[in-house]
Amino acid sequence: MNKGFWMGIGLTLVIAVIAELAAGLPYISLIGPLVFAILLGMLWNTFLPVKDEWGSGLKFASKKLLRAGIILLGMRLNLGDLAEAGWTAFGLAAISVAVGIGAVWAAAKLLKSDPGIGFLTAAGTGICGAAAIGAVSSQVKSKPEETAVSVAIISIVGTLFTFLYALLHPIIGLTEKQYGLFAGGSLHEIANVVAAGDAAGAEALDYALVVKLTRVVLLVFVAAGIGIYAARKVQKEGKQGGRLTFRELPIPWFIVGFLAVSAIYTTGIVPESVAARLVDLAYLLLAMAMAGIGLGVSFNAFRKAGFRPFAACLIGSIVLAGVVYGYVALIG
1 MNKGFWMGIG LTLVIAVIAE LAAGLPYISL IGPLVFAILL GMLWNTFLPV KDEWGSGLKF
61 ASKKLLRAGI ILLGMRLNLG DLAEAGWTAF GLAAISVAVG IGAVWAAAKL LKSDPGIGFL
121 TAAGTGICGA AAIGAVSSQV KSKPEETAVS VAIISIVGTL FTFLYALLHP IIGLTEKQYG
181 LFAGGSLHEI ANVVAAGDAA GAEALDYALV VKLTRVVLLV FVAAGIGIYA ARKVQKEGKQ
241 GGRLTFRELP IPWFIVGFLA VSAIYTTGIV PESVAARLVD LAYLLLAMAM AGIGLGVSFN
301 AFRKAGFRPF AACLIGSIVL AGVVYGYVAL IG
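Just so you know, we're using full-length UniProt numbering here: the sequence shown kicks off at 1 and counts up by one.
Hints were generated in silico from the structure; no laboratory data involved. Treat the hints with caution; some may be incorrect.
[What the hints assert, rightly or not] Capping the alpha-carbon separation at 25 Å, the derived lysine-lysine pairs in DSS-like fashion look like this:
1) Lys177 <-> Lys59
2) Lys141 <-> Lys59
3) Lys63 <-> Lys141
4) Lys64 <-> Lys3
5) Lys3 <-> Lys63
6) Lys51 <-> Lys63
7) Lys64 <-> Lys51
8) Lys143 <-> Lys63
9) Lys3 <-> Lys51
Can you make the complete structure from the sequences, with help from the hints?
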């Protein structure tokens, strides 16, 4: 690990600490430290672009530290209290995946957007953002530029919706539990869900994570299905290489860690004081991850992403949010 790596990690730590300290200030407290960390990262990258050699550290923070933070966050989740949400969470996750993919894909068709980008952003919207795009692009052999633009669009739209959710949650007429289900069922990235859910409170974040992680689990099956379809299509066309490789499927092992830590906490063998310190550490890691994500997106990316694919993703995301909101409000 070179100096650039540690500089990137150090920058995310500085931004995370600033966000945590600023969380008690008026207005900032409405959106919470995690959302504010994203915003600080974006502002920093816009006015003081990060050096390329820092990229490995930023990527480590936004990927590895995010997953480590989510795993440790299991130390605040009692599985017994959330058992009642089991089928509700699965049903909502299934609806989210179907509606998210369908809505964005239909909007892309209607706007005559690039079909490759439209398909990738549809998967990212319905399942789990950039991770889904990476999984699907590897199965359908997308061009690198298609993948890059799709990830940029998902990052922009997901960040925009995160800010809106964090600001509007007090006035949209949902309980803390309902808001958590709404955020987990309609936001793009796990990072978006963590940031927006945290802005509404502990219960909201717990339910948001349950639904979102269920959607992430469905990524394995969706990616496998797409891979099988793509492989059969290649075989029918008489081309080489038409086979599905299990190793390429992005199995989200950190979910197992999250559930394992939650199970340990549920047994009651961990003292509350220790659990509280581990949760504090989880939030620090998550804030660093949010900073890393923000540092990877500048406000200039809005212009580079392209209007039609961006509009298709935005329209599909609005449809998804509307459907999930109606479903959550209906089931109470």
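Self-check item: Given pair status - Lys63, Lys3, alpha carbons within 25 Å
Solution: holds (19 Å)
Quiz item: Is Lys64 close enough to Lys3, meaning Cα to Cα at most 25 Å?
Solution: Cα-Cα ~18 Å, so holds.
Quiz item: Is the hinted pair Lys177 and Lys59 satisfied, with a Cα-Cα distance of at most 25 Å?
Solution: violated (32 Å)
Quiz item: Hey, Lys51 versus Lys63, does the alpha-carbon distance stay inside 25 Å?
Solution: Answer holds: Lys51 to Lys63 is near 19 Å, not above 25 Å.
Practice problem: Take the C-alpha atoms of Lys143 and Lys63, compute the straight-line distance between them, and say whether it is at most 25 Å. | Solution: holds (23 Å)
Quiz item: Given the hinted pair Lys64 and Lys51, is their alpha-carbon gap at most 25 Å?
Solution: holds (20 Å)
Quiz prompt | 25 Å Cα cutoff - pair Lys63, Lys141 | solution = Satisfied, since the Cα-Cα distance of roughly 23 Å is no more than 25 Å.
Quiz item: Is it true that the CA of Lys3 sits at most 25 Å from the CA of Lys51?
Solution: Answer holds: Lys3 to Lys51 is near 12 Å, not above 25 Å.
Quiz prompt | 25 Å limit on alpha-carbon distance, applied to hinted pair Lys141 and Lys59 | solution = holds (23 Å)
Taken one by one, the earlier hints fail for this structure only at number 1.
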